[in-house]
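**Student:** Listed below are the residues making up each chain.
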Amino acid sequence: MQLTNRSKVVSNKVQSGMESMYLPAILKGMMITASHIFKRRPTIRYPEQTRKLSAVYRGLHVLKRDEKGAERCTACGLCALACPAEAITMENAERQKGEESLYREEKYAKVYEINMLRCIFCGLCEEACPKEAIFLTDRIVDTEYEREDFIYGKDKLVEKIDKRIDVSKRQTLEVAEFKKIPGIKHNAVWEGNRIDRKIN
Amino acid sequence: MIAFVIYKFIVCVIVFGLSLAVAAYSTWWERKLSALLQDRVGPNRAGPFGLLQPLADGGKMFFKEEIIPNVSNRFLFVLGPSLFMLTALMTGSVIPWGKSFTTDSGSTYSFQITDINIGVLYLFGVVSIGVYGIMIGGWASNNKYALLGAIRASSQMISYEVAMGISVIALIITSGGTLSLSEIVEQQDAGVANIVWQPLGFLIFFICALAETNRAPFDLPECESELVGGYHTEYSSMKLGLFLFAEYINMFISSAIMAAFYFGGYNFPWAHEFYQWIGLHDGSVWISIIGFGAFFTKICIFISVFMWVRWTLPRFRYDQLMHLGWKILLPLSLLNLAITVVVEYFRGNIHF
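Those protein sequences? They're chains A and B, same order as listed. Heads up, the first sequence is in our numbering, so the first residue is 1 and it goes up one at a time. Heads up, the second sequence is in our numbering, so the first residue is 201 and it goes up one at a time.
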């Protein structure tokens, strides 16, 4: 008795004389492979050519300085709290007299470390940051031989004074406005220029 | 006498070097062509277009650790790849690489190491010994996969040699009953290439050549998806290199044999008119060199076709292999032989 109509009848047809000679089919197959010689190669030859990354690509982090060159980060710890991979650790310190040009506010991060092997590059730290201090960039994390070398400290994360990193593509006015709204972060939706709270 | 020895020595060195160079660059071309057929780029880092890749590969092979299994038969383990390589290189000695030329002093030099009058027989004898290299190597490894690969190799070679031999008998009848390779090639210089009289024979020979050189779709002796590495599972370093290298030399020599047997060797259409047109007289060294160029071009085309087939067709199952060898190719070659005899009788080449 047939229970369902999903069974398929297997074709077991006998090959015709031409088919059992195989040679026409083999020649056809060889023509197919030969035609691929003239196809365009999709290969990107990496060190010389690089894939074009989006302007908002989420790669290696940067700790920004402000216009005067002082570090923006205040070691509030919101990024570490937001981080789902628990990749971020930091230690804070109080700004001493005479260090006003180095740190923007009274408190600063003495140690700021991101473990690049734990980081999943989700960008939640960037969203959580109230001081516009941490951003993800379109740079790629370098390969290393030792696990320890993947723990990036401030020496690698903070942007150099003379080599500022452009994050204007991701620090647009809309983003800044969006970040000002209290209580909503990544669960908001864009509708034109209007930001609405997502109703759960 | 001394001059003769020196001249033969030079020819030997040239053929030896040529075999090795072509084998080395076959590995490069194999990888490059497979890449082209699969929309990839292929080796392109070592030198322009990756042309130094064979050197890099060879250097890598030399620096790999040499492992000889404790349970193996040490002497035979080393003998296997050596024998395979030896027989592969020996076959090149009877192939006429170019027309012989005459110097001003009147002495004639041929582009052939030795023109023995049983050249075809010699070729088949040496090619048959080739399977001993695989068999000994696979057996001496004391490894199930290696032994299975070796058994497959030997049974495959024996099966396909039958059809190959019969197709060659038909060819010999067509070219007037000579077993000398240079005479077979010269015959095609006077008339047309043997492919015109032996299309079916060529097809059988080509399929058997694929099987004899263990090329896909007949690469059962070393099918990596079933037998790890086949007969060379236990081999490492340059001994593995010898096995792989000898396979490419075999491919080169089979291509040369096919070009010589069926496609006129160093002859090409309207060769005499061409030589007259550029003003070369018979016996000039330039005729030999141009002829060698034509021969080499044909060989390269055949090697490419070998590779093209490899990267198109999937591997045969073992029973399909035997079915094709014994039930299809053998009757076909016998049929071809019968047809050839009848045709040659009416052409007047056979007398009873």
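Treat the hints with care, since some could be wrong.
As the list claims (entries may be wrong) - Capping the alpha-carbon separation at 27 Å, the derived lysine-lysine pairs in DSS-like fashion look like this:
#1 B:Lys527 - A:Lys28
#2 B:Lys527 - A:Lys13
#3 A:Lys163 - A:Lys107
#4 A:Lys97 - A:Lys160
#5 A:Lys64 - A:Lys107
#6 A:Lys156 - A:Lys169
For the record, the hints were derived by calculation from the structure and aren't laboratory data. Every value quoted in this text rests on a predicted model; they were computed, and no experiment measured them.
**Student:** Please go over all the hints and tell whether each is borne out by the structure.
**Tutor:** Status of the hints after comparison with the structure:
A hinted pair counts as satisfied when its Cα atoms are at most 27 Å apart, and Lys527 of chain B with Lys28 of chain A qualifies at roughly 24 Å. A C-alpha spacing of about 22 Å is found between Lys527 of chain B and Lys13 of chain A, which places the hinted pair at or below 27 Å, so the restraint holds. Annotation: proposed proximity of Lys163 of chain A to Lys107 of chain A holds, straight-line Cα distance about 24 Å (limit 27 Å). A threshold of 27 Å between alpha carbons decides the hint, and for Lys97 of chain A with Lys160 of chain A the separation of about 23 Å falls inside it, so the pair holds.
For the hint linking Lys64 of chain A to Lys107 of chain A, the alpha-carbon distance of about 16 Å falls within 27 Å, and the restraint holds. A hinted pair counts as satisfied when its Cα atoms are at most 27 Å apart, and Lys156 of chain A with Lys169 of chain A qualifies at roughly 22 Å.
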